[in-house]
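Enquirer: Letter by letter, the chains look like this.
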Amino acid sequence: MKTKVNRLMIGILMFLALPGMGQDWQVPADQLNIENPSSYNLENVKKGKDLYLQNCKSCHGDPGKNNHLPLVPPPPDITSEQMQANTDGGLFYKITKGRGGMPQFETTISADDRWRLINFIRNYNSEKEQLLIDAPPVNAKILASVNEAEKKVEILAEYEDKSGSYQQLENAPVFISAKKAFGNLLLGQALTDKNGRSVFSVPETVIGDEEGNVTIVVTLDENYKAEQVVLEEAKVGKPKEVPQLIRKEVLWSTNENVQIWLLLSYLGAAGAAWIAIGYVIFQLIKIKRFSKQ
Amino acid sequence: MNTIKSPEESRKVLDTIFSDLTRSITHKDELTRFWFFILIMFAGVGLWGWIIQIDQGLGVTGMRDYVSWGMYIANFVFFVAISLIGFLISSALHLLKISWSKPISRVAEQIAIAGVALAGIIIVMDMGRPDRFLNVFLHGRFASPIIWDVTVVTTYLTISALLFYLPLIPDLALLRDRMTGKVPAWKLKIYTILALGWKGNPEQYKTVYHAMRILMILIIPVGLSIHTVTSWLFAATLRSGWDTTIMGPYFVAGAFVAGAAAVVILMYIYRLRYGLKNYFEDFHFDYMGKLLVFVSLVYLYFNINEFLVPGYKMKTAEGVHLQNLFTGAFASMFWLVQVAGLIIPILLMLIKFFRKPLPLTIISVVVLIAAWFKRYLIVIPTMEHPFLPVQNVPDYFKSYAPTSIEIMITLFSVFAALLIITILAKLFPVITIWEYAEEKGVDKKYFSEQPKN
Chain A
1 MKTKVNRLMI GILMFLALPG MGQDWQVPAD QLNIENPSSY NLENVKKGKD
51 LYLQNCKSCH GDPGKNNHLP LVPPPPDITS EQMQANTDGG LFYKITKGRG
101 GMPQFETTIS ADDRWRLINF IRNYNSEKEQ LLIDAPPVNA KILASVNEAE
151 KKVEILAEYE DKSGSYQQLE NAPVFISAKK AFGNLLLGQA LTDKNGRSVF
201 SVPETVIGDE EGNVTIVVTL DENYKAEQVV LEEAKVGKPK EVPQLIRKEV
251 LWSTNENVQI WLLLSYLGAA GAAWIAIGYV IFQLIKIKRF SKQ
Chain B
294 MNTIKSPEES RKVLDTIFSD LTRSITHKDE LTRFWFFILI MFAGVGLWGW
344 IIQIDQGLGV TGMRDYVSWG MYIANFVFFV AISLIGFLIS SALHLLKISW
394 SKPISRVAEQ IAIAGVALAG IIIVMDMGRP DRFLNVFLHG RFASPIIWDV
444 TVVTTYLTIS ALLFYLPLIP DLALLRDRMT GKVPAWKLKI YTILALGWKG
494 NPEQYKTVYH AMRILMILII PVGLSIHTVT SWLFAATLRS GWDTTIMGPY
544 FVAGAFVAGA AAVVILMYIY RLRYGLKNYF EDFHFDYMGK LLVFVSLVYL
594 YFNINEFLVP GYKMKTAEGV HLQNLFTGAF ASMFWLVQVA GLIIPILLML
644 IKFFRKPLPL TIISVVVLIA AWFKRYLIVI PTMEHPFLPV QNVPDYFKSY
694 APTSIEIMIT LFSVFAALLI ITILAKLFPV ITIWEYAEEK GVDKKYFSEQ
744 PKN
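These protein sequence lines are chains A and B, in that order. Per this note's numbering, residue 1 is the first one in the first sequence, and the count goes up by one each step. Per this note's numbering, residue 294 is the first one in the second sequence, and the count goes up by one each step.
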C-alpha cells in the first residue's frame, strides 16, 4: 500500500519535472549577482540548518551523504559541485521561484530565511570556513527534578570532556516533553546557564491525567549522547476532565451504581425461586421421614 | 379414569404396565451397545475438539472481531429453546387439567434436562478462557442480562431435575421392590437410595402432590424467564434485527415449536424401540400434532410481525439486514426455514393423516432442523452487519463461516444431549408407572404389594 503511494507520488513529481528536463535552469541576469544580505556567521548558519531540515532535507537528503530522493532530474546534494557552482543570487532565485519538482518557497519562507538557508549551503563550500561542524555526538548526562509546588523542572546537564571527566554543559538546549499515549509532546526548550543548569516552567495549559500528573521527559539535542530522563507522574498539569458516563445510577451501570429497583427485582426473583426450591427439597426430607413411620 | 377394578384384575394390569414400561431398562441388545458407542465416540471427538480450542484459543473458530457470536451461541439458543417444552407439557398442561399429556410429561422433562444442561455447557465452551468461568459469579454485574441468564439457566435446570425426580419416587420404589435379579446390583442400589425408603402411605403421596404443585407453579415464571432473558441478550442491544420489543415472546413461541417437535420425535423412538404402542397411542400423536400446529401458528404470527413491519419501513440499517435475509446471502436459508420449517408443516399438520405417528415424526424432524437454522439466522446475519465501520481488516473478518472444530464441538453438544436422554431412559421408565396405572383404575394400595412371582 505504502510503496504504491510512494510510486504514485514519484510519478507525479516526475511528471511535474518534465518541463525542466534536458535544459539548463536559466537564472535571469539581474538576479544572478545579488549578494547575500545575511552575514555568514554561526547563528545564521544554525538557523539555516533548522530551515533546511524542515523544508529541504526530505528531497535533497543529508548534506554530503548523497541520499536524495531518486527523482528526475535528481535533487543535488548541497555539498555537491553542481550545487556550490551556483551564485548566491542564483540559489536565491531557484529557491524563491522553484521549477518542476522543486517547489517555490516565495510565500512559505521569508526572504531573510531564504538567505540564511544559502548561508547554511555555503557552510559546505570549500572556499569558506566551515562554521558548523558535524562533530560526533558527545557523551552527556542529564539530572532533572520536578518542583511540583512551583510547577518547574530543574535540570543539570554535564558532558564528558576529552580526559573522560564530566563538566558542566554550558549554553546547550534542553528539550522538555510530556509523555503521552502515542509519543512525546514537546512542551518547550531551555538553555543551560554557565553552571550547566536550567529551569523550565511548565505551561499552565498542560493537561495531565485525572489527577493532573504528567510524565516529564528531558532530552538533549542530537549533538549529545545522553540518556533521557523520565520523571514519572509529576503533579504539574491540569487534571484531565473525564466524562463520568457510568458513575450514576443507570440501567446498565456497574454494581456500585446499580439501580435499587433492579437489584431488588433480581435478588427478589432469584431468592423467591430458590426459597421455593429449598421448600421442595424440605418436602423430600419429609417424604423420607414418613417412610420410617 | 377407568372404573375401579377387582384386586385380581388390578394386579394383572399393574404387572403388564410394569413389565411394558420397564422394558427400556431391562431390554439389552447389540443395538443398545452400538448406540452408546456412537454417542460416546462422537461426544469424545467433540471433547477432543474442545481441547484443541482451549489449547490454541478461539482463533480456531470462525469467529473474529466483528462476528464474535457464532454457531455456539446459535446452538445455545436452540438448546434453551427445546428445553422449554418441559415447562409447557409437564406444568402448564397439567395445571390446566389436561390429562392426555400426562404420559408425555417425563419425555418432555428428559428433553428439558438434557437441553438446559447442554445449554450451560455450550456457554462454557464458547468462552475463550473457561478457567475464568467463576468470575461470572464473583464479578458479575447485577445489571447485565448475562448474569440473569446464568441465574435462570441454573434455576431452571434445578427445577426441571426436581420435577423429573418427584413423580419418579413412587416408581423408584416399584423398581426397587420388583427388579431384584433383573438389573445389576448397582442399579438396584441407585433405586433404593433415590426411593427415599418410599412406603406409599397417604402422607407421602400428599407430600409428593404438594411439592409437585409448587414446582409446576414455580416453573411457569422461571420457564418464561429463561427464554425471555435469553432473548434479552440480543434485544438489549441496538443492533438491527435484534433491536425489537417482540424478542421475548418471539423466542418463547419459537421454543415451543422446537420443543414440541423434539418431544414427538422422542415419543416415536420410544414407541418403536420399546414397544410402547399402547402407551404412546395414536391419539397422543394426534394431540401433539395439534399442539405443534397451534404453537407454530403463534410463531408464524410473530414471524409475520417481526419481518413484515420493519420490512414495510426498510429503515437504513434494518433495511440492509432484511435485504440480506430476503434476497441476499442468507436468502435460501431464510426462505427454507420459513417455508419448509414453518408454513408447509402447518399446512400438512392441519390434515389428520399427517398427524399419524410416522408422518408427524418426519415433519417434526424437518421442523427441528429448521428450528436450529432459525437460531443461526437470528445470530449471524446481525453480527455480520455491525454499525461500526469495517475497515482495513482481512476479508475473512467480514463474514462468518463455522470451522470444522466448531462443527465438532457443536456435534458434541447434540450427542451429549442424546446421551443424557438415553441414560435417563435406560435408568428410569419413560412413562410414570404409578400415575399411568392409577389412570387405568389400579388403586394405590396395590403398588406397595410385593409381587408373588
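Everything labelled a hint here was simulated from the structure, so no lab data went into it. A portion of the hints provided could be inaccurate.
Unchecked claim - The list that follows gives simulated cross-link-like pairs (lysine to any residue, SDA-like), each with its CA atoms no further than 25 Å apart:
hint: 1; chain 1: B; residue 1: K492; chain 2: A; residue 2: I277
hint: 2; chain 1: B; residue 1: K395; chain 2: A; residue 2: A276
hint: 3; chain 1: A; residue 1: K248; chain 2: B; residue 2: L531
hint: 4; chain 1: A; residue 1: K179; chain 2: A; residue 2: S110
Enquirer: Work down the list of hints and note, for each, if the structure agrees.
Expert: Cross-check of the supplied hints:
Between K492/B and I277/A the alpha-carbon distance is near 24 Å, which keeps this suggested pair within the 25 Å criterion. Between K395/B and A276/A the alpha-carbon distance is near 24 Å, which keeps this suggested pair within the 25 Å criterion. Restraint check for K248/A and L531/B: the C-alpha separation of about 21 Å stays at or below 25 Å, so the hint holds. For the hint pairing K179/A with S110/A, the CA-to-CA distance comes to about 33 Å; that exceeds 25 Å, so the pair is violated.
Hint violations for this structure: number 4 only, all remaining hints satisfied.
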